[in-house]
Structures are given as C-alpha cells and as structure tokens.
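**Student:** Chain H is fixed; fit chain Y onto it per the hints.
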Amino acid sequence: MPTDVERWKSEVYGNEIREHLYEFAEEGWESIPEDEHDAWFERFKWWGLYHQRNGQESYFMMRIGTPNGVLEPGQLRVVGEIADEYARGPGTNPIFGDAYADWTTRQSIQLHWIRIEDVPEIFEKLEENGMSTQQACGDSWRNIVGNPVAGKDAQEVVDAWPVIHELNETFKGDEDHSNLPRKWKVSVTGSADGSGQGDINDLAFEPAYKEVDGEEQVGFNVRVGGGLARNEERFARDIDVWVPPENVSDVAGGLSALFRDNGDRENRYNARIKFLVDEWGPEKVRNTLQEEYVDFELETAGRDVREEYTYNAGNGGRNDLIGVHEQKDGNYFVGLNVLVGRMGADDVLELADIAEEYGSGEVRLSQRQNVIVTDVPEEDLDALLEEDLLDHYSPDPSPFMRGSVACTGTEFCSLSIVETKNRQVRYARWLKENVDLPDDIDQFHIHLSGCTASCAQPQIADISLRGMKTRKDGEPVEALDIGLGGGLGEEPEFARWVTQRVPVDEVPGAISNLIGRFAENREDGENFREFVGRHDDDELDEYVEPEETDYEDPMMHNTKMTWYPYSDDDDMDSSPAPAYPDDTPMSADD
Amino acid sequence: MVVALRILDDGAWVSVNDDRKVSVSELWRFPGREFCRCDLTDMVVEGFVDVGVDGRTVEVRAYGQCIACGESATTKWMPVGRIVDGAFRHIDREGVLRPVIGQ
Numbered sequence: 001m002p003t004d005v006e007r008w009k010s011e012v013y014g015n016e017i018r019e020h021l022y023e024f025a026e027e028g029w030e031s032i033p034e035d036e037h038d039a040w041f042e043r044f045k046w047w048g049l050y051h052q053r054n055g056q057e058s059y060f061m062m063r064i065g066t067p068n069g070v071l072e073p074g075q076l077r078v079v080g081e082i083a084d085e086y087a088r089g090p091g092t093n094p095i096f097g098d099a100y101a102d103w104t105t106r107q108s109i110q111l112h113w114i115r116i117e118d119v120p121e122i123f124e125k126l127e128e129n130g131m132s133t134q135q136a137c138g139d140s141w142r143n144i145v146g147n148p149v150a151g152k153d154a155q156e157v158v159d160a161w162p163v164i165h166e167l168n169e170t171f172k173g174d175e176d177h178s179n180l181p182r183k184w185k186v187s188v189t190g191s192a193d194g195s196g197q198g199d200i201n202d203l204a205f206e207p208a209y210k211e212v213d214g215e216e217q218v219g220f221n222v223r224v225g226g227g228l229a230r231n232e233e234r235f236a237r238d239i240d241v242w243v244p245p246e247n248v249s250d251v252a253g254g255l256s257a258l259f260r261d262n263g264d265r266e267n268r269y270n271a272r273i274k275f276l277v278d279e280w281g282p283e284k285v286r287n288t289l290q291e292e293y294v295d296f297e298l299e300t301a302g303r304d305v306r307e308e309y310t311y312n313a314g315n316g317g318r319n320d321l322i323g324v325h326e327q328k329d330g331n332y333f334v335g336l337n338v339l340v341g342r343m344g345a346d347d348v349l350e351l352a353d354i355a356e357e358y359g360s361g362e363v364r365l366s367q368r369q370n371v372i373v374t375d376v377p378e379e380d381l382d383a384l385l386e387e388d389l390l391d392h393y394s395p396d397p398s399p400f401m402r403g404s405v406a407c408t409g410t411e412f413c414s415l416s417i418v419e420t421k422n423r424q425v426r427y428a429r430w431l432k433e434n435v436d437l438p439d440d441i442d443q444f445h446i447h448l449s450g451c452t453a454s455c456a457q458p459q460i461a462d463i464s465l466r467g468m469k470t471r472k473d474g475e476p477v478e479a480l481d482i483g484l485g486g487g488l489g490e491e492p493e494f495a496r497w498v499t500q501r502v503p504v505d506e507v508p509g510a511i512s513n514l515i516g517r518f519a520e521n522r523e524d525g526e527n528f529r530e531f532v533g534r535h536d537d538d539e540l541d542e543y544v545e546p547e548e549t550d551y552e553d554p555m556m557h558n559t560k561m562t563w564y565p566y567s568d569d570d571d572m573d574s575s576p577a578p579a580y581p582d583d584t585p586m587s588a589d590d
Numbered sequence: 001m002v003v004a005l006r007i008l009d010d011g012a013w014v015s016v017n018d019d020r021k022v023s024v025s026e027l028w029r030f031p032g033r034e035f036c037r038c039d040l041t042d043m044v045v046e047g048f049v050d051v052g053v054d055g056r057t058v059e060v061r062a063y064g065q066c067i068a069c070g071e072s073a074t075t076k077w078m079p080v081g082r083i084v085d086g087a088f089r090h091i092d093r094e095g096v097l098r099p100v101i102g103q
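Chains H and Y supply the protein sequences, listed in that same order.
Read in the UniProt record's numbering, the first sequence has 530 at position 530, and its numbers run on one by one without any break.
Read in the UniProt record's numbering, the second sequence has 11 at position 11, and its numbers run on one by one without any break.
Derived from the structure by calculation, the hints contain no laboratory data.
Fair warning: there could be bad hints in the mix.
[As the list claims (entries may be wrong)] Here are the simulated lysine-lysine pairs, DSBU-like style, with alpha carbons at most 35 Å apart: (1) LYS21/Y / LYS472/H; (2) LYS125/H / LYS172/H; (3) LYS210/H / LYS328/H; (4) LYS472/H / LYS76/Y; (5) LYS21/Y / LYS183/H; (6) LYS172/H / LYS328/H; (7) LYS183/H / LYS172/H; (8) LYS172/H / LYS210/H; (9) LYS284/H / LYS172/H; (10) LYS210/H / LYS183/H; (11) LYS284/H / LYS328/H; (12) LYS183/H / LYS76/Y.
For reference, chain Y alone in the conformation it holds in the complex:
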C-alpha cells in the first residue's frame, strides 16, 4: 500500500495520507550527546526537515532547540509513528525517544 508522506505548512506538520499527524511545538526527550551536551536532550520541535519511512516506521528529521542547554540543531532520523494496515499510529513521543541507529 502506498503511503503519502510529506511536510506541510513551511515545516510545521508531517502529513500522512493527506492528514496532518505530527506537529511542531512538541517536546522530545532523547539520549546521546550528538545533538547537544546534555545527557538527555529535551528539544522543542521547531520545524520538520525530512520525512521518510523505514519498513513500517515513519521517521523524521527535525530542527529544534534543547530547552535545557539552548543548543539548536537538526536531529538524526527520529521515529514518530508506525504504519499499521495502511493507517498511521503514533509512537509515544512523551517518553524518551530512540534515534534511529545507523543513520
């Protein structure tokens, strides 16, 4: 099944099958020191740069700022949802996200 993934509204939304699903302004926590110097980055999502799918996992690269240290950067690929039976299901993004390994 073909799934239409695109970024809309000047990077403010990720659209899945012509339906806005993931928006800027979310706060994402994720580990690792590649984004900033914090052990656990706490990033406000300010804009989406890329969207793609790996298997059934919808992934994005997002621009944002760590609200703990102030560093601004673009993330590696981050999982935001899964395609199940052609429909988008959110991954819990209020917990700690795991950046996609190897990209």
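This is chain H alone, in the form it adopts within the complex:
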C-alpha cells in the first residue's frame, strides 16, 4: 500500500506546490487547513521549507540550494540581507543572536524563523539574484555537491563546475524527475583531493582517466548508493562505468529515472537507492541502466585518482579547504573556519564586503560548513588576513575549532534527540583551552549529529558524536554515543561506536582522556584513525573514560520538550507559537 507521503505526492507535488504556497502566504498561516498540515508541510519541503518543530508552529526553516556551494558575486549579500530581515523569531540564541545563516554539510544555506507570509517576497529576492529554494528538500534532486573550488583548484583533474551547472539546470524543475521515491543526493568531483565526498552520496561522479579511441581522456567514474542515515551507512558502490563530461547528464538522468521507476515507494525506510543497490548489486544496476535508460554504449570504469584523496581522510594533506591556497590562475582562495557553520547576519554582510574588496565578490561553501573567499590576488592577501572578521572566522584555527561540525539539533529540528550547535561550540572552546594534541596532529575532526539522520556526517569523523538519552542520578539527561576512527580517502571507513550513552557533561572529559591515551600510546607518526584501527572496541572503550570536568552544560535537560531550549522560560506551554507575522502569539486572541 502506498504511504501517506506517496498519496500526498500523487495529489499535488513538484512545481505546482508553489501556487498553493503563495495562496497560503497571501491568506496567512491560519489558512492552511489544520487537518491538512501533515500533507502540506511534507509538500512544502520540495520548495525548501521545513515546518519547525513542536512549540515553533507557524515558523519554517528555509533551505537555499547553492549548487557546489557557489555564491556568485553579490549573492552572499542577498543571503545576509534576507537573514537580517526575515530570519528573526521569538527566540534569541545566546551565542549567535537573533539573525543568522547556517552553512550546511551539503553546501546549502539554512535560515530559521521564516514565516509563510514572507515567502513570496523572499523567493522574489532570491530569484532576482539567481538563487532558489526549489528542490532543496523533498523527494527529488537535492543540491548538487562537489569540490567547492571547482574551476579554480590547482589540484583539479577536470573542472566539474560546468557539469554541475548543467545538471542543476537540467534537473531542477524537470517534471520527469521531480517526484522520486526519496531524496536524491548527487556529488560531482573534479579534483584529486576527494573533496566532493562522493562516497556518501546516492550518486557520485569521481575524476578518472580512460583511453577512448586510442586517446586518454578525463571524465568520471560512477558510484551509486551511498548514504549515512538511519544506522544504515553505505559507501557508494562502483558500477564499473566511466563517462565523459558531455555525457554525465544522460547517465545521471538515466540513474535518476531508474531510481524513480524501481525504488521502494511502499516503505520510506527502504526507499533510498542504497537499498536497491543492496538488493540488485552493482552489476544489475549497470545492466539496467545500459538496457533501459541510456541509448549509447557505456564505457567500463577508468583509472581513478582515489589514492590521492586527502579530504576528511585524517592522513595529512588537505583534509579541508581552510587556509590560503593558490588557484590555478595564480590568484588565491582563502578558506575561513565557521564554527558549526553558523554565521550572524551582520558577519555575513561583512564577509560579502570583504569578498568584494579583496576578491571577485564570490564566496563558496564547503561540506565542512566553512566559507571560502576566492580570486584574491597575491598582493591583497596580507590585507585580507588582517581583517578583524578573520579573528573570529580564522584561516588558521585550533584543530578543535576547524574540526567541528554540527547539525541543527533540537533548537529547530523535529528529528533530533539532543541540542547540538551551541553544545559543539562549547565543546570546541573547552577542548581548545584544556586539551593538547600531539604537536604533529593539526587536524582532528569531531562531528556532532543529533540523531541517526546523520546530517553532521558523524560516521566520517575522528570522533563521532550522536544524540542519545540516558539517566544520571536517576534523572533523564541528554547523552551522546561516541564513535571513533571514521574518515574518507582511498579506503573510506565508518566510525565504530565504542562507547554509548555518555551524559553530555562528561563528553569533554571523555575526549580529553581519549586524546591523552592516544598521545601516550601512539606509534611514531601514527594518526588518530590509524591508532583506532589497531585497537579493538573494548580497548578503545577503556580509553574513552567519561568524566566530569569544569565543563558545564546548561542543556542537560530534555531540550526536545522545550519550545526553545535557550529561552529563560523554555516550557512548552510558554511557547508564543503559532504567531502572527509580527511574532504576536495567536493565543493572545483567546
């Protein structure tokens, strides 16, 4: 039997949702029929709008899809202005203030506290400036990711940006691909560092060489069926296909159509293509693609460059894109660390000024939630690096700051079990002050995800933290499972969950003890991932050793059951939502 979601999608889905959205915006929040909330909130996702969680009714998260994380000159300023004007609600975040933008692990942008009444104005402003929320969420082609400095990167094998741009133009709004069984995440990488993180996507194009008609050509190998969610981690599987850049769109469309026609629409938990690849195997995926979905002969896989992958690999080299790097045109790109990917609206606007003053005005977003200012001439580098804003968004941060990634968490998200972003900021600051890594370790990734949806990509970090609950002194408290040793690279590995349900206030102590044991017991030159690899789970569990320290956690309680976890009166019954566009509670009418 089709699921409710499939039934709703069969009634109204895709582009046509927009006209309904505009009608609701015109008539106001209350015009959405109460007995159709579930259906409309599911559909709104296709246009990048997630209804926020319980206690925050009438407010939405808005996701803007920026293909490959590219913000063309002027676009960052527009994002900052929209955040400043529209992304304000009744709750104030004690660290980030009243208005901010989040850079996500899929190179998108998220704004919160958006009211449906403001959506047409925001859409208009975005679209006037070449941006969109279309298909940022929902069961369709999501934001396409890759190496954010495609086209500029000196390590590039092939420029993937024209390919990504073509895919985005082709498949955003394409009715044949707008209603898939589930989300469809695509990565296209042209650089040799692996920074597109193709292995954890539904569909990955990775740089590869192939001899065709006696000539070596550069194109892409194809992998299918990666993903991290729901305790069902998979790396994308090699389907033995090489494709030249000009045919990527045909192969990607063929695989999207194969998924559309064969994915499981009766069980959303089994719907992602990773499960179809499990069931069919890579060979059947290839054969079906060849026989039914493309009209040319597929080439077998070419020679890849995976042995050169360093991004998020934990093994030296370029693990992220922070710092100053030369572009292939002789200019420089400067990667700035944005702790947990959140930036105040004022800072966004200041960054837009800086990008215009020192670079081309373009800014790019990485999958590690950081920003990159591109096209900076060598003679302007020193002045850029002297800017006050870079004291906070550093090109040379502490390993604990640059290694931190966090999802949205219970602040806004319905799925999360624990608070995440503010907690990870507090963790990173405490670790920076209190823990020393061995001198030769300058990269250490800690990812905090609030639940098994894995939006912070916890399984591919040195230390993986995942939301849980436990009891401490008999009282329910937020807790984290601790996993170790994950990372990408030539041979990617998922973290092993070695210690479970550590109360959140004991996690910094646990990390401190673990790093101490690593420093004492590592072999010469051994990195953390290698250290984890030569110990079994029980040995590692002993090294973790949770412990209270002077770290204090103000969010130990059940933040999911508050209306807003940082409010002085956070009780669900004190929620001002739903509210009118001026944030006046509708309950005031009673």
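**Tutor:** Below, chain Y alone, put in the same frame as chain H:
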C-alpha cells in the same frame, strides 16, 4: 469520528489529527524480558515503526535501546494515549508502561 494517525519525520513523531503528539527521545520503562534481559526495561525511543488504535487507545511500536543493558530492538504494541471526544490525551509515559497483551 475518524482520527488521523501517522508517523512523521522519518519516524521521529507520532501525529494525531495532523498534530505532532509523541516524539522520539522519551525514556520508557516497561516490564518483561521480551525486549531485553532486564526485569524493567528502560528504553530510549529512537524511532516509531507503527501506529494504530485499539478501541480508544493509541498504540505504537517503537525502535529503541535499553539504556541499562544496551540491547536494541522493536517493542510490542505500547499504549501512548487515548482518544477522548475526538482529542488525544496522553497516557503518563514517565511511569511504568504496560505493553498491550496478546499482540
């Protein structure tokens, strides 16, 4: 009266009449050794698998982990609320829950 029951947000919430009512992250205590080896299971709810109604009682099957022993499994049908005059009323889930007999 028709009551709309469904699981939302990838199993994170039980929706009753288009209103999110029961969420993951709750800790449920319940007796019996079918879920794990503990006399009294203390389970963190990680995801809802099924929702249904028996008479006026709203029941769910949930996936979770016992925080005392670490066992992960899916529960039998557990009562989470009652429909009274068309509205959902919570059953106290902070006390000891009684799995539905015979299912």
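**Student:** Taking the earlier hints as the rules, which of them does this structure contradict?
**Tutor:** 11
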